Each structure stands twice: as structure tokens, then as C-alpha cells.
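> Each chain, letter by letter, is given below.
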Amino acid sequence: MNINLTMIGQAIAFFIFVVFCMKYVWPPIMAALQERQKKIADGLAASDRAARDLELAQEKSAQELREAKQQASALIEQANKRANQIVEASKEDARKEGQKLIEQAKAEIEQERNQARDALRAEVAAIAVTGAEKILETSVDASKHNEMLDKLAAEL
Amino acid sequence: MAGSASEYIQHHLQNLTYGKLPAGYERADGTVIEEATWTLAHNGQEASDMGFWALHLDSLGWAIGLGALFLFIFRLAAKRATSDQPGGLQNFVEVMIEFVDNSVKETFHGKNKVIAPLSLTIFCWVFLMNLMDLVPVDFLPQLFHAMGLEYMKVVPTTDVNVTLGMSLSVFALIIYYSLKVKGVGGFVGELTLHPFSSDNLFLKILLVPVNLLLEGVSLIAKPISLALRLFGNLYAGELIFILIALLPLWAQWTLSVPWAIFHILVITLQAFIFMMLTIVYLSMAHEDNH
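So the sequence lines, in the order shown, correspond to chains Z and W.
First residue of the first sequence: 1, per the numbering used here; consecutive thereafter.
First residue of the second sequence: 1, per the numbering used here; consecutive thereafter.
Don't take each hint at face value.
Derived coverage of chain W by chain Z (criterion: at least 3 residues anywhere in the stretch with Cβ under 8 Å from a Cβ of chain Z; other residues may be distant) [claimed, not checked]: (1) 47-60; (2) 79-85; (3) 117-126; (4) 141-149.
Hints listed in this document are in silico derivations from the structure and should not be mistaken for laboratory results.
Just so you know, these numbers come straight off a predicted model, no measurement behind them.
Yeah, the Cβ is synthetic: ideal placement off N, Cα and C, and Gly gets one too.
If we strip away everything but chain Z, and leave its shape as in the complex, we get (with noise of 0.2 Å):
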């Protein structure tokens, strides 16, 4: 137990340390400390931003689902409507066509049957002048008689 210089020698080295580790083990343990801190708490913040995008991009992709669905049934329905429409007018044009054709058939019959008939009447009248000259064994001048001739082909 002999107090003696070491004690002196003790208090300097104690004093050397301490301000070797004031100016260097402290601050750069602490600054970093302190910006790793920092970093946690930005990048905490940043999460919660992020999550926050991430539902607000949610809801807008869902608004702009529901407005891609309306915009399609739109579609559809004018496509429908559309359709019909066709469908309609092809009919229309198909009614037409046929009414159109039957009416050129009723017109060609009708030509023919008059065709047929002329001929037939023509016929008929030289059958009856043929007829009549063989009743009357003689020749019927036709010019002399074509007015009679041809009220009897009328009459046919």
C-alpha cells in the first residue's frame, strides 16, 4: 500500500485515453450510429409512402377496370343493335328481290301467254278462213273481209 508516483503516472494515461477516445473512437461510432438511425427511419417513411401508392394504384386500376367493362358492354350493345340492324335490312332488301323477280316472272308470263294468244288468234283466223273457203269452195279474199276477220279474232 505505498501510494507513489504510479498514481501520477495512472491519472496522465487515464487523461491521454480519455481524450483519445473523446476525439477518436467516439464521434465516428456515434456519427454512424446516428445515421444508420436516420437510414432506418427514411427508409420506414419511404415503406409507408409506398404502401400508400400501392392502394391508391389499386383503387385507380380498379375505377379504370369498371370503366373498361361499362366501355365494352357499350361496344357489344352497339354491336348487337348494329347487327340487327343488317339482319333487317338484308331481310328488306331479300323481300325485295324476291317480290321483284316473282313480279318479272308474272310479267313474262304474261308476255308469253299474249305472244300465245296472238299467235293462236292468228292462227284461228286462217284456220276459219281456211274453213270458211273450204264451205264455200272459194277463196275468200282476205283484204275483202279482214275487217270481219279480225273482230272474230278478237272475239277468240
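Fit chain W to the known structure of chain Z by using the hints.
Okay, now just chain W, sitting in the frame of chain Z:
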């Protein structure tokens, strides 16, 4: 056996002392020195005859070595300190620093850049010096004996000079901050006008010596108790290890192992107490509420 046992104990408790012997001093081997010389003491008597002008080379050497080790490790971590993912060393150092920083912040509320690093230095350094107590008591002394050094006391904190050196440094800081924060008048007032005070001026003056005595004693008691508490605990622990080492070899572990395990608690606790009391004393020095 009794004589050799006490010799063994005394040998273990003797520091390696380098000091100044006065002229005409008769040394242990019978030679007489003609002039005052600086030399290594050859026994306890010579060491104490050297008086104040002597150095305990072992205490000082181990203390400085351990302090340098602490600073080397922490400086290494500080150089590589990164705010990204920390490595193992940085983790350890950060844990220590946060522990000390929290202890300081809980107790000391002012602004002072010295106290936290001071506390870290005290805690780690005292802990390392105490830790030397767990090295088997004969191991290092035998090693140094083989190298030609007669005495080697490896636990610096079992040397009262070491603990006093630290506590008196703390005491100097207490005085410095007391004067800085409170001013000379405030500090003197704190020493003389409390705890007994009076509105009567005459009575007040009469009470000054009483207060000065009380406050002076409590002020002086701070460094003394700080030093002696650490010294006493470690000295006692070391002594018990030495006593256990006197047992027959096969029986030693039955006592030394439990004592060493218990001592792990003691050395940490004593380092912590030294640090905490330093913080408390310095925060009291900063308080200006009288």
C-alpha cells in the same frame, strides 16, 4: 508451511517497484549505496523505503497495455464504422457505446461532450484491468519470474495507486465543472451555506464552519470512496485467489472455479459502479440548484 505460505502471499502482493533509493541506503543483499540511485526494489522493505518517488512498473505497464488494447479495438471499429450493415466487431462496440450512452443520458441531462467518452473509457478500462484477476494467480508471475523479474502483480486495480489515480482525475473534473458551472462564488456557497442555513446573518456566519466541515468531508469522500471501493473489492478477490492457490493442487478447482464465476459478476459490477458514480458525481457538479 506457515512461513512459506505468508511469504508466498506477500510475494504475490508485492509490486515490481522502480524507484529512488537515498544515498547511504543499505540494500537487502548488504551493499550500501553511495549516491541516491533509481533502481528496481529487491524486496518489500526497499519498495516502501523508496517513498513517493517510485513507480509500480507492473501496475502501470498492465494498465497502459490494457487501456491501449481497449482503444486499439475500439479505434479499429470506429475507423470501419459504417451506417450500413455492421460487422461483428462493430456490433459489439456499438452495443458497448449505446449501453454507456444510455447510462449517461439517464443520469446526466446537461450538455457535455466529455462525460460519455470518459464513462466509456472508465468502464472498458476498469473492466479489462479487473479481468486480469481471472488469469490464474501464478501463471503470469511465474512467466515473468522466468524472464528475470522478481515481482509481477498483474491486476492493476489491486494497486491503490491505480484506483486513486483514476478517482483523483475524476475529482479534478468534479472541481473543474463545479467551478465552471457554478462559478467560484457558487461553489464556495455550496460548500459553506448548506445543509444548515439561516435567515439571520450572524447565525449564518456561525454555521459556515459546520457546513464547510460536512460538505468538505462529503466532497473529499467522493474520490476516496471511489478509489477504495474498487481497490478493496479487487484486492480481496485477488487475495482469495492467492489463498485458494495455497491448497493442494487437486482441491483448488473446487473453490477457485466457483469464486472465479462469482468474480465475473464482481469485476463487471465494480467497473459499472465506478462508471456510474463518475457520471453521478459529474452530473451533481453540473447541477446549479442551490
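> Each of the hints needs a verdict: does it hold here or not?
The hints, checked one at a time:
Here the segment 47-60 of chain W counts 11 residues with a CB under 8 Å from a CB of chain Z, which clears the bar of 3, and the coverage holds. Counting residues of the segment 79-85 of chain W whose CB lies closer than 8 Å to any CB of chain Z gives 5, so the stated coverage by that chain holds, three being the minimum. Counting residues of the segment 117-126 of chain W whose CB lies closer than 8 Å to any CB of chain Z gives 5, so the stated coverage by that chain holds, three being the minimum. Remark: the segment 141-149 of chain W is not confirmed as covered by chain Z, as 0 of its residues place a Cβ nearer than 8 Å to a Cβ of that chain, below the required three.
Hint check: a violation occurs at hint 4 only; the rest are consistent with the structure.
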